[in-house]
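The listed protein sequences correspond, in order, to chains D and G.
The opening position of the first sequence corresponds to residue 7 in this note's numbering, with each subsequent residue numbered one higher.
The opening position of the second sequence corresponds to residue 10 in this note's numbering, with each subsequent residue numbered one higher.
In case anyone wonders, no lab produced these hints; they're calculated from the structure.
Every residue gets a Cβ at the ideal spot worked out from N, C-alpha and C, and that includes glycine.
Hints are supplied without guarantee of correctness; some may be wrong.
What the hints assert, rightly or not - Cross-link-like lysine-lysine pairs, in silico, DSBU-like; alpha carbons within 30 angstroms at most:
(1) K280/D with K315/D
(2) K128/G with K20/D
(3) K122/D with K212/G
(4) K113/D with K138/D
(5) K212/G with K128/D
(6) K201/D with K315/D
(7) K113/D with K125/D
(8) K128/G with K212/G
(9) K280/D with K201/D
(10) K280/D with K358/D
(11) K267/D with K305/D
(12) K125/D with K201/D
(13) K138/D with K122/D
(14) K173/D with K128/D
(15) K280/D with K267/D
(16) K113/D with K212/G
(17) K305/D with K315/D
(18) K126/G with K20/D
(19) K201/D with K267/D
(20) K126/G with K13/D
(21) K173/D with K280/D
(22) K212/G with K125/D
(23) K13/D with K128/G
(24) K138/D with K212/G
(25) K315/D with K173/D
(26) K358/D with K253/D
(27) K173/D with K122/D
As the list claims (entries may be wrong) - Computed, partial: chain D to chain G, Cβ under 10 angstroms:
(28) E79
(29) G82
(30) L92
(31) G156
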Amino acid sequence: MTTLQLKNIVKRYKTNTVLDNLSLDVADGETLVLFGPSGAGKTVLLRLVAGVIDPDEGQILIGGEDVADIDAEYRGIGMAFQNFALFPHMSAFDNIASPLTATNATKDAISAGVHKVAKLLKIDHVLSHHPKALSNGQKQRTALARALAGSPPLLLLDDPLRNVDAKLRFEMRLELPRLLAAQGATVVYVTQDYKEAMALGDRIAVMSQGRIRQIGTPEDIYNAPADIEIARLFGDPTINLLDVTPKSGPDGVYVELSNVKVSLPGMPSDVIGKACVIGLRPEAIVFTEAGAVDAIPVKVEAETPLNEKTVTLVLTARGREILVSRPAGTPGPVSGPAHIAVNGKAAFLFDKDSGSLIRSAATQMTRNGEAA
Amino acid sequence: MAKREGKTMETTSTLEKTLRLIALTLVVIFFMFPIFWIFLMSFQTNETILAIPPSVIFTPTLSNYAALITGKLTTAAGTLDIAFMRNLGNSIFLSVTSVALALVLGVPAAYAFARHKFKGSEDIAFTLLSFRFAPPLLVLLPLTQYFQWLGLADTYFGLIWVYQLICLPLILWIVAAISEDISADVEYAYRIAGHSWFATFRKIALPLAGPGIAAAGLLAFIFAWNNFVFALVLASADKQPVTVGALAFVTSSGIQYGQIASAIVLSVTPTLALALYAQRYLVEGLSLGAVKG
Numbered sequence: 007m008t009t010l011q012l013k014n015i016v017k018r019y020k021t022n023t024v025l026d027n028l029s030l031d032v033a034d035g036e037t038l039v040l041f042g043p044s045g046a047g048k049t050v051l052l053r054l055v056a057g058v059i060d061p062d063e064g065q066i067l068i069g070g071e072d073v074a075d076i077d078a079e080y081r082g083i084g085m086a087f088q089n090f091a092l093f094p095h096m097s098a099f100d101n102i103a104s105p106l107t108a109t110n111a112t113k114d115a116i117s118a119g120v121h122k123v124a125k126l127l128k129i130d131h132v133l134s135h136h137p138k139a140l141s142n143g144q145k146q147r148t149a150l151a152r153a154l155a156g157s158p159p160l161l162l163l164d165d166p167l168r169n170v171d172a173k174l175r176f177e178m179r180l181e182l183p184r185l186l187a188a189q190g191a192t193v194v195y196v197t198q199d200y201k202e203a204m205a206l207g208d209r210i211a212v213m214s215q216g217r218i219r220q221i222g223t224p225e226d227i228y229n230a231p232a233d234i235e236i237a238r239l240f241g242d243p244t245i246n247l248l249d250v251t252p253k254s255g256p257d258g259v260y261v262e263l264s265n266v267k268v269s270l271p272g273m274p275s276d277v278i279g280k281a282c283v284i285g286l287r288p289e290a291i292v293f294t295e296a297g298a299v300d301a302i303p304v305k306v307e308a309e310t311p312l313n314e315k316t317v318t319l320v321l322t323a324r325g326r327e328i329l330v331s332r333p334a335g336t337p338g339p340v341s342g343p344a345h346i347a348v349n350g351k352a353a354f355l356f357d358k359d360s361g362s363l364i365r366s367a368a369t370q371m372t373r374n375g376e377a378a
Numbered sequence: 010m011a012k013r014e015g016k017t018m019e020t021t022s023t024l025e026k027t028l029r030l031i032a033l034t035l036v037v038i039f040f041m042f043p044i045f046w047i048f049l050m051s052f053q054t055n056e057t058i059l060a061i062p063p064s065v066i067f068t069p070t071l072s073n074y075a076a077l078i079t080g081k082l083t084t085a086a087g088t089l090d091i092a093f094m095r096n097l098g099n100s101i102f103l104s105v106t107s108v109a110l111a112l113v114l115g116v117p118a119a120y121a122f123a124r125h126k127f128k129g130s131e132d133i134a135f136t137l138l139s140f141r142f143a144p145p146l147l148v149l150l151p152l153t154q155y156f157q158w159l160g161l162a163d164t165y166f167g168l169i170w171v172y173q174l175i176c177l178p179l180i181l182w183i184v185a186a187i188s189e190d191i192s193a194d195v196e197y198a199y200r201i202a203g204h205s206w207f208a209t210f211r212k213i214a215l216p217l218a219g220p221g222i223a224a225a226g227l228l229a230f231i232f233a234w235n236n237f238v239f240a241l242v243l244a245s246a247d248k249q250p251v252t253v254g255a256l257a258f259v260t261s262s263g264i265q266y267g268q269i270a271s272a273i274v275l276s277v278t279p280t281l282a283l284a285l286y287a288q289r290y291l292v293e294g295l296s297l298g299a300v301k302g
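If we strip away everything but chain G, and leave its shape as in the complex, we get (with noise of 0.2 angstroms):
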């Protein structure tokens, strides 16, 4: 009976086990599914790409590459020159510089609000993160307009500080939530030791919030990389990233599938790169305030 009964138990452990697997494939196909076919179409020319049924057999070429790096896209209607290399430095350079100067202005002002409760602070810490509310466009118009008078239209620098609507709300708000929930005893301890403010803040609030810090500038990182529409209406072609630099494969003898594939495998790799890198600190980053207690 006993025996019989642990036998029942067993099974239902096994179809537990079974069925988690299953849901947990699901899950991953959903989500690995349409890298995995941007993968293949990357290898593929656009004949193969459109050909009915699709296969999953096909010869691989590297053509779409090649048009990619040397810039030349060879379409039914000609050759077409491409800036992608160019986007994807662009990119690069807008992301990087972004998140990097967000990092200087946000964490500083992030420690602030968390340590110094001061007339109004409140109000600007929701002031700032009430830009990621509003739809872009509806900041959009109007910042075009004013950076037509003061010539920053078509600018990195007038992109990189636009970027900051988007990197600095984000570090703001997660370091200061990361700040507040270390104990202000061990800054206190410091400061009594001996220690100016300032040799406070490097040596203690900074190490202490390095993972906080790495997270949030990662996340930043992601969004900047992912955003279209600032530099699609503030940049001309020669500032634009990637996001915007894929409509040139939108040709007037039809969308280059091939090469929008394989420039997406070529734009996601960085920040792939970079979020694998640093998935060790993002999950502890996050999860700082859940486990400390």
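The following block holds chain D by itself, in its conformation from the complex (with noise of 0.2 angstroms):
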């Protein structure tokens, strides 16, 4: 277990600044999720940290100790990568063997090691094999096994599970918190996967075009993100986002989204008059009857069912698409006119220049999405 730290990290290739006076705190122990879309500067942030990069400027901190003048091989860091890296004129064995050789380890000792986390990870039997005979969900496994095998204070993730299929991605994102646990390692965790980022994070960095747009809990990115860009790239169907500009009424302050009044209670007042988005989370919108007061006429386009929840595609009277979530198995119209209607205590509100959050939801949704 170790401690990082970044301190006003700048990276800049030819004139692209690729990191930009970036800083960043990660605690023992703890596992933290930086999240973003590629090109954020995600991976080059683990290069830097794992040393086969240097900063331009800025200071990195392992265990309080300045690592600028320690190589990658003495800074203790087990490392895994999204294309699996793997030796491939190596046997899966020699693979995760390889931060174990560099030890005065005895060749028992090295055997043993290899055998323990190839169990952990159930690739035993596959020790063998070299990596052209492996499936991609045992390259997979056996890139985390040689980050593991070492036992390493600080693990670096980057983005492990985005080459391997669906079924496999959902099996890890269970499976790893209890091994990433075990481990007691500190670990940095790459993906572009908001269930991921939700799943295995203590906390949630969300980075865009090299700076650290938000940093929280996943649940404080949930319920609060910081701008549109993070509460659209958290959250699955996508947050429904609305032009509105807010007004004054005698219940405070309200948007009118088809002509229906939808009151935002506890909403300051400055924000009336001003161009706004509205965030509204497929859950927080129902269907409802015709003659109800703030019943909104939509007409239904598509349905999708998924597992736990079916999620409707509609159209409002003026062509705004909205994603509507509801729990698997209630009832809700298929196709034909229909009605909604919106809980204005779980809408969102933006600015609508700058892009960042003036309210958040009043209702606080977990991380599966259901309200608390």
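From these two lone chains plus the hints, build me the complex, please.
Here's what the structure looks like:
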């Protein structure tokens, strides 16, 4: 176990600034997820920490020690790569053994270490195979096993589930937290999959364009996304975002959606008349009867039944697309005209120009998307 | 109707097959015939070779090979001493040593060019390649002067040095291209696992570039073996390779075609054997970039 601190890191490639004055603290034993779209600088960040590339400015401290003059092989890091980066000319055993052969460990100790971690990852039956003869899932597990084999205090996992199929990804998403906890290491985990981020992270750092846009627990980020972009990235199906201009009424601030007033209780009055974007999670919208006061007429376009929920795409009279999600098995319209109602308490309001959050939803959601 | 259509298609493909076979045969004959003819010539005397019309029916003789191996060339004007076997030895020594030296120098350099973009690295790499553009004679004339001043003229050391002009750029560029194709992540992974850069070079970079290095070495060997002009200008008889040594067969009493043919057969054999042995690596090494994706 160890801590990791990044202080004002800058990394440029020619004129392109990949990391822009980035600072980050990872606590002892914590799993921090770096989440963001490709090109955000996540992989570059991991490589800086690993020591295979050097920052142009700033400091990296591992366990409180500045590692600027410490080469990659002495940093005590385990790393798994997105493309696995297995040694193609070595067997799975030798691949996993590579962090152990670098030490003075005896042959027996190396063999014991490899078998222990291979058993943990359920690949002990393919240890004699070369990477070419391994399935994608086995390759991914071999790469993870190699990262874990040396029991490094700091683990860097660069989107290790990116190149494996959905079923395996689901399995590993369940298995990894237990594995990482057993390892007791401090973990930096890179991913582009918000579900993975939610499932694995003690904290999530949302990155884009070389900066950290928001950092917090998964609940923090889901319930109070710092801006429109983050709100869009977190949540499946994606949050509905509609341009609105809040107005003042007798019951406080309200917005009009298809000429139906949706009141936003507790909203400060300074947003009145400002160009805003309202964010509505698909779970915050329900189907309702035609006669209800808050019923917004829509037309059902398509329905997608997922495992645990049904997602319906509807069109408003003005042609805006809205996603509505409801628990699977509950009744709802399949096609034709219908009505929806919006829960104003569960609405996010963003500033249209800056994109930043004005007010988060009053009703909090858990990371599974259910109202708490 | 359907049946007839099927039949038409079949005839087309048979025709295509036949045409392809004929085309292939022509190509093979075109390239193989000179070699085959030389092979036949090496077992004939000058008289049967020069007979008109030429014939493939003759009494084979080993006299040409015997003359080469014993070093005694019997011509109409008398017996000449030739140093063919020594030339052959020189060829082997010069080519093997040059390629070995070029590999020792070129492979680490190629790796450096591929992995580390330092200031001027492109320029240095290009300058080395440009040695291959210049006509050898252009380099040779001033070089002859320098070599005489330095006392390198007519030494194996000097020749091997000049042969680097042939071998080094070739190895450098092929190996650099192949090293660039190998994912740097694989090397990073080994570094991070706790191994030094040198161990990474030895255990990861070298084995992965192995087929490419073998291919580059083989090509360099063939080019070095076939070189004529460097040794012609810079070396005297006892240091010359077979390519230059073959000139000895042009004697005052005529050209010894039989001996030339057998000399060619003998001098082609080592490269041919090497190429056949390394064919696998050659194809794999040179197409590495194409198939890896």
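How the hints compare with the structure:
Of the pairs offered as hints, the one joining K280/D and K315/D is violated, with about 35 angstroms between alpha carbons and a cut-off of 30 angstroms exceeded. Our distance criterion of 30 angstroms between C-alpha atoms is met by K128/G and K20/D, whose separation comes to about 13 angstroms. Using a Cα cut-off of 30 angstroms, the hinted pair K122/D and K212/G holds, with the two alpha carbons roughly 25 angstroms apart. The straight-line distance between the Cα atoms of K113/D and K138/D is roughly 25 angstroms, inside the 30 angstroms bound, and the hint therefore holds.
For the proposed pair K212/G and K128/D, the alpha carbon gap of about 27 angstroms is at most 30 angstroms, so the pair holds. Of the supplied pair hints, the one linking K201/D and K315/D holds, its CA atoms being roughly 15 angstroms apart against a limit of 30 angstroms. At roughly 18 angstroms between alpha-carbon atoms, K113/D and K125/D fall within 30 angstroms of each other, so this suggested pair holds. Simply put, K128/G and K212/G have alpha-carbon atoms about 28 angstroms apart, close enough for the 30 angstroms limit, and the pair holds.
Proposed proximity of K280/D and K201/D is contradicted: the alpha carbons are some 33 angstroms apart, above 30 angstroms. Between K280/D and K358/D the CA atoms are separated by roughly 8 angstroms; this keeps the pair inside 30 angstroms, and the hint holds. Our distance criterion of 30 angstroms between C-alpha atoms is met by K267/D and K305/D, whose separation comes to about 19 angstroms. The straight-line distance between the Cα atoms of K125/D and K201/D is roughly 27 angstroms, inside the 30 angstroms bound, and the hint therefore holds.
The suggested pairing of K138/D with K122/D holds, with an alpha-carbon distance near 23 angstroms, which does not exceed 30 angstroms. Distance restraint check for K173/D and K128/D: the Cα-Cα separation of roughly 16 angstroms lies within the 30 angstroms cut-off, and the hinted pair is therefore satisfied. This hinted pair checks out: K280/D and K267/D have alpha carbons roughly 17 angstroms apart, not beyond 30 angstroms. Simply put, K113/D and K212/G have alpha-carbon atoms about 18 angstroms apart, close enough for the 30 angstroms limit, and the pair holds.
For the hint pairing K305/D with K315/D, the CA-to-CA distance comes to about 20 angstroms; that is within 30 angstroms, so the pair holds. With a C-alpha separation of about 12 angstroms, the suggested pair K126/G and K20/D falls inside the 30 angstroms cut-off, and the hint holds. At roughly 34 angstroms between alpha-carbon atoms, K201/D and K267/D are farther apart than 30 angstroms, so this suggested pair is violated. The straight-line distance between the Cα atoms of K126/G and K13/D is roughly 27 angstroms, inside the 30 angstroms bound, and the hint therefore holds.
Taking the CA atoms of K173/D and K280/D, the gap is near 46 angstroms; set against the 30 angstroms cutoff, the hint is violated. Note on K212/G and K125/D: the hinted pairing holds, with a Cα-Cα distance of about 26 angstroms set against a maximum of 30 angstroms. Taking the CA atoms of K13/D and K128/G, the gap is near 29 angstroms; set against the 30 angstroms cutoff, the hint holds. Distance restraint check for K138/D and K212/G: the Cα-Cα separation of roughly 18 angstroms lies within the 30 angstroms cut-off, and the hinted pair is therefore satisfied.
For the proposed pair K315/D and K173/D, the alpha carbon gap of about 18 angstroms is at most 30 angstroms, so the pair holds. In summary, the hint linking K358/D to K253/D is supported, as the alpha carbons are separated by about 15 angstroms, within the 30 angstroms threshold. As the CA atoms of K173/D and K122/D are separated by approximately 25 angstroms, the hinted pair is consistent with the 30 angstroms bound. Satisfaction of the interface hint for E79/D is found here, the shortest Cβ-Cβ separation to chain G being roughly 5 angstroms, below the 10 angstroms cut-off.
About 8 angstroms separates the beta-carbon of G82/D from the nearest beta-carbon of chain G, less than 10 angstroms, and the hint is met. The restraint placing L92/D at the interface with chain G holds, with a minimum CB-CB distance near 7 angstroms, inside the 10 angstroms limit. With a least beta-carbon distance of about 7 angstroms to chain G, the hint placing G156/D at the interface is held under the 10 angstroms criterion.
Violated hints, listed in ascending order, are 1, 9, 19, 21; each of the other numbered hints is respected by the structure.
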